[in-house]
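Undergrad: If you want the building blocks of each chain, they are given just below.
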Amino acid sequence: MSERIAVVGIGATQFRTITPDVSYKELMFDAAVRAYDNAGIDPRRDVDTFVTCAEDYIEGTSIFDEYVPDQLGAALKQVHTITGDGLHGVAAAVMQLRTGRFSLAVVEAHSKASNILTPDGVAACAQDPVYVRPLCLNSHFIAGLEMNRFCAESGVTPGQCAQVAVKNRGNALSNPIAGQAAKLTLEDFRHARPVALPLTELDVAQSVDGAVVVVLATESRARELRTKPVWLTGAGWCNGSPNLETRDWASPKYVTTAAAMAYKQAGITDPRHYFDFAEVDDTYTYKELQHLVALGLANACDVGRDVELGKTATKGKRPVNVSGGALGMGHMYECIGLARLYCAVQQLRGEAGMQQLDKARTAVVQAWRGVPTASAAVLTLAT
Amino acid sequence: MALKERINLPGEARTWYGELPVQSLYTAGDAGDRFLKTLKEKDQFMGSPCTACGEVYVPPKLYCEKCMAELKDWIKVGPDGALESWTEVHVGLDGKRLAQAQLVGLIRLDGATTSMVHLLAGAEPNDLCIGMRMTPVMKPAAKREGAITDILHFRPK
Chain A
1 MSERIAVVGI GATQFRTITP DVSYKELMFD AAVRAYDNAG IDPRRDVDTF
51 VTCAEDYIEG TSIFDEYVPD QLGAALKQVH TITGDGLHGV AAAVMQLRTG
101 RFSLAVVEAH SKASNILTPD GVAACAQDPV YVRPLCLNSH FIAGLEMNRF
151 CAESGVTPGQ CAQVAVKNRG NALSNPIAGQ AAKLTLEDFR HARPVALPLT
201 ELDVAQSVDG AVVVVLATES RARELRTKPV WLTGAGWCNG SPNLETRDWA
251 SPKYVTTAAA MAYKQAGITD PRHYFDFAEV DDTYTYKELQ HLVALGLANA
301 CDVGRDVELG KTATKGKRPV NVSGGALGMG HMYECIGLAR LYCAVQQLRG
351 EAGMQQLDKA RTAVVQAWRG VPTASAAVLT LAT
Chain B
1 MALKERINLP GEARTWYGEL PVQSLYTAGD AGDRFLKTLK EKDQFMGSPC
51 TACGEVYVPP KLYCEKCMAE LKDWIKVGPD GALESWTEVH VGLDGKRLAQ
101 AQLVGLIRLD GATTSMVHLL AGAEPNDLCI GMRMTPVMKP AAKREGAITD
151 ILHFRPK
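Residue numbers (this note's numbering), protein chains in the order written: chain A, 1 to 383; chain B, 1 to 157.
By construction, these hints were calculated from the structure, which means they are not laboratory data. Nothing here was measured: the structure is a model prediction, and the numbers come from that model. Just so you know, even glycine gets a beta-carbon here, dropped at the ideal spot from N, CA and C. Incorrect hints may appear among the rest.
Examples of chain A residues lying across from chain B (beta carbon under 10 Å, computed) [unchecked claim]:
| no. | residue |
| --- | --- |
| 1 | 33 |
| 2 | 60 |
| 3 | 98 |
| 4 | 100 |
| 5 | 121 |
| 6 | 126 |
| 7 | 133 |
| 8 | 153 |
| 9 | 244 |
| 10 | 245 |
Simulated restraints, written as ranges between beta carbons of each label pair [as the list claims (entries may be wrong)]:
| no. | chain 1 | residue 1 | chain 2 | residue 2 | range |
| --- | --- | --- | --- | --- | --- |
| 11 | B | 2 | A | 226 | 38 to 44 Å |
| 12 | A | 83 | B | 30 | 25 to 31 Å |
| 13 | B | 21 | A | 95 | 34 to 40 Å |
| 14 | B | 5 | A | 353 | 26 to 32 Å |
| 15 | A | 157 | B | 98 | 22 to 28 Å |
| 16 | B | 131 | A | 134 | 24 to 30 Å |
| 17 | A | 359 | B | 30 | 26 to 32 Å |
| 18 | B | 124 | A | 186 | 41 to 47 Å |
| 19 | B | 131 | A | 272 | 47 to 53 Å |
Simulated coverage check for chain B against chain A, where a stretch passes if three residues somewhere in it have a Cβ under 8 Å from a Cβ of chain A [unchecked claim]:
| no. | segment |
| --- | --- |
| 20 | 12–24 |
| 21 | 40–52 |
| 22 | 68–75 |
| 23 | 117–123 |
Using the sequences and the accompanying hints, generate a full structural model.
TA: Printed below as a string of structure tokens:
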């Protein structure tokens with residue numbers, strides 16, 4: 001049996017809508033310095049392997065993996081970049097640690113969204129070039145189709161989805177690094193401009209710049225460090241069909257499969273009653289509800305009502321996205337999952353400040369890579 | 001911020017403009033080419049059934065993504081179908097508001113188990129509902145290119 005894996009250090013920048021004063025390298029450096037200080041390590045001496053998560057087209061640079069070592073202290077060390085969410089990077093690092101060849105790993109992801117002058121164009125280039133892209137549609141259309149189908153099958157209403165944004169952006173008001181905190185009301189949705197009906201602009205997480213670095217260690221290495229370890233009890237990932245033609249439009253089965261993989265490793269058989277809180281993808285309001293169902297944390301027929309009744313609020317039965325989620329903290333491309341993980345670890349350590357929950361011993365963290373993908377990763381954590 | 005020195009004046013924060021000059025050719029593949037050619041020349045939608053698991057792919061494929069079987073058969077499907085979902089898009093590819101919103105639908109052609117994405121017309125958003133019968137409107141034969149845009153849109157039947 002290989003050793004348990006722990007999160008032993010976390011670092012994040014402020015998440016801001018624009019960061020003209022720093023380069024993406026400086027954002028990464030900033031988060032890395034904080035994470036290494038948090039873990040009490042020297043990256044040049046102590047870290048065995050580095051994993052970063054980025055995609056060339058989003059970065060505006062070909063072969064972007066060549067541009068990541070120096071600002072992390074990873075030059076002339078073991079480093080690789082994957083085109084996946086930060087949680088995919090965590091899963092890759094966990095596997096490396098479990099080989100027994102490494103004892104300390106670093107995972108990084110970031111967003112310099114404000115540098116992308118054509119974000120909708122970049123997103124559209126991910127559409128199928130033969131059957132979909134010729135229709136010249138903004139990629140939000142995929143979320144509009146999915147939300148409509150999800151609402152029709154589950155009975156969730158657009159108003160209940162709006163409650164997710166009210167909750168999450170409100171939660172972010174007490175998160176000192178959040179970049180999209182706001183005190184919204186349902187009345188604001190009455191005046192929100194449509195994006196891809198039933199989606200309005202308030203249903204869509206708006207982008208921010210920022211970076212997150214996480215330090216992982218094997219149990220024996222974690223015991224040597226000064227920080228309180230948070231145990232990574234399960235890591236799962238899964239990709240569904242990339243084709244719009246063949247996917248299930250109401251239920252993201254790839255999330256369910258990724259969760260089943262993580263739950264099995266953690267020995268979790270009853271996820272609905274196991275976790276104290278959840279940090280899940282809410283790139284679009286309806287996705288939080290859809291993901292809660294896919295993770296086995298709620299019934300499709302109840303999930304909309306749950307948010308209305310405050311069951312997923314900070315003081316609810318099982319809080320969801322206390323951090324503010326992507327709606328409240330900001331959309332960060334491949335860093336969305338690490339932002340959720342960063343806040344979950346703060347909670348589990350009892351270091352979440354004004355956001356601290358009374359009961360925070362177990363958590364599930366989930367990421368989705370956004371439209372048009374069917375790509376998800378899930379982590380389970382415990383103190 | 002972990003940086004020891006910072007830019008403190010907005011005017012000192014500089015940027016450099018750059019573009020990625022990327023151009024590509026895309027191939028529809030054997031099954032895709034045949035599908036688009038049959039649509040162009042015969043006004044006929046075709047699908048590829050998987051005899052192993054029962055999926056019927058439209059557009060067709062040479063392989064089944066569910067069971068990895070090789071697909072050799074070729075059957076007629078549609079042209080009518082049922083609306084599986086729809087949306088009205090108000091933002092363009094440049095992120096700006098569209099002067100004219102685009103109606104988009106997910107249509108499952110009769111005989112298929114998969115759904116096609118395409119534009120909708122001839123209906124107001126409030127008229128649309130899941131399960132509604134739809135029919136394709138094709139470009140005039142002389143103007144077709146063997147592309148998915150040979151279908152102008154689907155409309156309620």
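Undergrad: Decide, hint by hint, whether the structure agrees.
TA: Results for each hint:
1. 33: 4 Å, holds
2. 60: Check passed: Cβ of residue 60 of chain A comes within 6 Å of chain B, closer than 10 Å.
3. 98: 29 Å, violated
4. 100: 32 Å, violated
5. 121: 6 Å, holds
6. 126: 12 Å, violated
7. 133: Check passed: Cβ of residue 133 of chain A comes within 9 Å of chain B, closer than 10 Å.
8. 153: Interface hint status for residue 153 of chain A: holds (9 Å vs cutoff 10 Å).
9. 244: Status holds, d = 5 Å.
10. 245: Check passed: Cβ of residue 245 of chain A comes within 4 Å of chain B, closer than 10 Å.
11. B/2 <-> A/226: 38 to 44 Å: 19 Å, violated
12. A/83 <-> B/30: 25 to 31 Å: Given a distance of about 28 Å, which is inside 25 to 31 Å, the answer is holds.
13. B/21 <-> A/95: 34 to 40 Å: 37 Å Cβ-Cβ, so the 34 to 40 Å window holds.
14. B/5 <-> A/353: 26 to 32 Å: 28 Å, holds
15. A/157 <-> B/98: 22 to 28 Å: About 26 Å separates the Cβ atoms of residue 157 of chain A and residue 98 of chain B, which means 22 to 28 Å holds.
16. B/131 <-> A/134: 24 to 30 Å: 27 Å, holds
17. A/359 <-> B/30: 26 to 32 Å: 58 Å, violated
18. B/124 <-> A/186: 41 to 47 Å: 25 Å, violated
19. B/131 <-> A/272: 47 to 53 Å: For residue 272 of chain A against residue 131 of chain B, whose Cβ atoms are near 32 Å apart, the range 47 to 53 Å is violated.
20. 12–24: holds (count 5)
21. 40–52: Since three or more residues must qualify, the claim that chain A covers the segment 40–52 of chain B is violated, with 0 doing so at under 8 Å.
22. 68–75: violated (count 0)
23. 117–123: holds (count 3)
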